[in-house]
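Asker: Chains A and B, in that order, are what the protein sequence lines are.
Going by our numbering, the first sequence opens with residue 1, and the numbers climb by one from there.
Going by our numbering, the second sequence opens with residue 1001, and the numbers climb by one from there.
Some hints here could point you the wrong way.
Said to hold, decoys possible - In silico EDC-like cross-links for lysine to aspartate or glutamate, where the CA-CA straight-line distance does not exceed 20 Å:
no.: 1; chain 1: B; residue 1: Lys1098; chain 2: B; residue 2: Asp1135
no.: 2; chain 1: B; residue 1: Lys1098; chain 2: A; residue 2: Glu73
no.: 3; chain 1: B; residue 1: Lys1098; chain 2: B; residue 2: Asp1108
no.: 4; chain 1: B; residue 1: Lys1098; chain 2: A; residue 2: Glu261
no.: 5; chain 1: B; residue 1: Lys1098; chain 2: B; residue 2: Asp1184
no.: 6; chain 1: B; residue 1: Lys1098; chain 2: B; residue 2: Asp1141
Everything labelled a hint here was simulated from the structure, so no lab data went into it.
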Amino acid sequence: MTRQRRVRDALLPEVDAQLATIIGASVVLMVIAGLVQIRYGAYEMPFEIAVRALFDRAVWTNPEVLATLVLGENAARFLGVYADLSVLSNATIVVWTVRLPRVLVAAFVGLNLAVSGAIFQAITRNELASPYILGVSSGAGVAVVFTLVFSLGAYLLPLAAVAGGTGAFLLVYAVAWRGGTTPVRLVLAGVVVGTIFNSLQTGMFYFIESNGVMRTAVAWLAGSLVGVDWTDARTVAIPTLVVVPAALASARQLDVLLLGERAARSLGMSVERIRFLLSTLAIVAASAAVAVAGLVGFVGLVVPHAVRTFVGSDYRRLMTGCLFAGPALVVTADVFARLALGGTQVPVGVVTGLLGGPYFLLLLRRTESFTEF
Amino acid sequence: MPDIPLVSTGTDSTTDHVTDEDPVDDAALLASGIELGYGEGIVVDCDDLVIPEGEVTALVGPNGSGKSTLLKGLSAELSPESGTVLLNGSDVQERPAKDLACELGLLDQENAAPGGLTVEDLASHGRYPHRGFLDPLTDEDRDAVERAIDLAGVDHLRDTQLSELSGGQKQLAFVAMTLAQDTDVLLLDEPTTYLDLHHQLRVMEVVRTLNEERDVTVCVVLHDLQQAARFADYLVALDDGEVYDWGPPEDVVTEQLLADVFDVDAAVSYDDEPRIVPRRALD
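Starting from the given sequences, assemble the full structure and let the hints guide the process.
Answerer: Right, dumping it as structure tokens:
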């Protein structure tokens, strides 16, 4: 067996009708939503111009222009591939510097949250687990509000969010650890740490004085993609390059972990070590999303859950489905967040919540039992 | 190596079972001087216990006598407070988990698995210890899975999802997973407890076949004394965390044992097969 074949066999699932449907529908949805995002906005342009701007030959046939757009001016200068962007048309500038990066960031956020949620659902053996179940949201929230209250600088927010989230996760693990952990202990510790941090966060809110800062704080806590650019796209893309192959490679470990702790151990898995490594991977994915978009809710919960109802609980298939369905959901939700109310943008997390809530309502009404997992 | 008696519990009844062969050489699993417990309390305290190679050994005893705890000690799930458990001469506690799982399999009485999994998927997870992190299933793995499915008699169910199986069928699917692990030693923790009579017999027959055809050493915790006496080559009777008696079923299962260990007044007879007729509970 060749090496390439081996890697492919190990990472990629067999694509059957259900999985193909999910992938196909997600791609179609993403393309439509992406085109709408690129076409509409404060700078008016017809579809034809928008598409032409997207496939502008001045960008695609000129690697230096492309590099300057994607990598940013400073990095391009540093690498000696800088090109002056003033040669581009206005439509191209708008599409390439404002609208396209927002679509890309939305897709990356959706991907990371879906993968993170899928991993946590297996680790906690709870199909209603989300990426935030082990304290990430409350830790990141406290750190963000703290940074804002003490005016430490807005550029520190992504860093603060990641540091706070990771810190809370490690604290949860320390609280849950007693010669080992169990899914239940982890979830309970997550609740304990979350409660304390949420109280701290609410308390600190009272020290916010200006309205603008309050808005920034709310946008972070609700999860927003307003004003994201290529810097954010790069910030989230780099961890994603690690997360995707690692998540696919971990699928079999997750499958075995789902057989129960005792079974996994008797099959020779070092359960505690694997569980911690997988949690770390899920935290990296969640942090990547939180750093650029804040706490977008429900995506990490709904996407793996919905994909599972189509493809079953085999994690290679589930993970692959999440890689497509997650981006589709967030890109679509962001269309509503950005354009639905005309002049005012709402946080994308508000829209995902509004979509996710009814989904679960429907599920509750239609499902007899929740023992599938 | 000093001549360690098979079982030295201090009771006289055990000494007459010592055979000519040196039992320690024949031991697939040898537990010496182990004390097992959870937190403070010691639940099992047994001086020496041999699980002979290539035989079916059953651990029997009333509730709370430490059968399952002893099994956890043998499978390295629980680390003993003192003493060692040797698997083919090496300490189970010191071996890497995967390495150990290639030689020692364990099947639980109750198993939870995602309902969407098919029997074949489940069985192929039995190959976990034999595969590296990124290794796909090799032909050898597939053969082992096929053999396991065949042996467990779940061939007709291979594409069925677990959520559609009865409790007994599900247990057979897990038997297939454990068999696919392809170990020399197999530990079973009350594998028949929640099953109907048909599936109880099915599971025990698979175990017997495995032992006879593939020479696998089996150590099984059984609740049902009569079943144990019928299927096992050797019985280990546990009483309050200590080995009460060890030997072939005819020697171990006696009216005296039922009275002493199980607090039951019963009639025991061996015509073509063991028969235990319990009469009343003793106070």
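Asker: Next pair to validate is Lys1098/B with Glu261/A; report whether the Cα-Cα distance is within 20 Å.
Answerer: Holds - the C-alpha atoms of Glu261/A and Lys1098/B are around 15 Å apart, at most 20 Å.
Asker: Do the alpha carbons of Lys1098/B and Asp1184/B lie within 20 Å of each other, as the hint requires?
Answerer: holds (14 Å)
Asker: With a cut-off of 20 Å on the C-alpha distance, tell me whether Lys1098/B and Glu73/A pass.
Answerer: Violated. Lys1098/B to Glu73/A sits at ~51 Å, over the 20 Å cutoff.
Asker: Holds or violated: Lys1098/B with Asp1135/B, Cα cutoff 20 Å?
Answerer: With a Cα-Cα distance of about 14 Å, the restraint between Lys1098/B and Asp1135/B holds, given a limit of 20 Å.
Asker: Going straight from one Cα to the other, do Lys1098/B and Asp1141/B come out at no more than 20 Å?
Answerer: holds (16 Å)
Asker: Taking 20 Å as the top limit, are the C-alpha atoms of Lys1098/B and Asp1108/B close enough?
Answerer: Judged against 20 Å, a Cα distance of about 18 Å means the pair holds.
Consistency note: the structure conflicts with earlier hint 2 alone.
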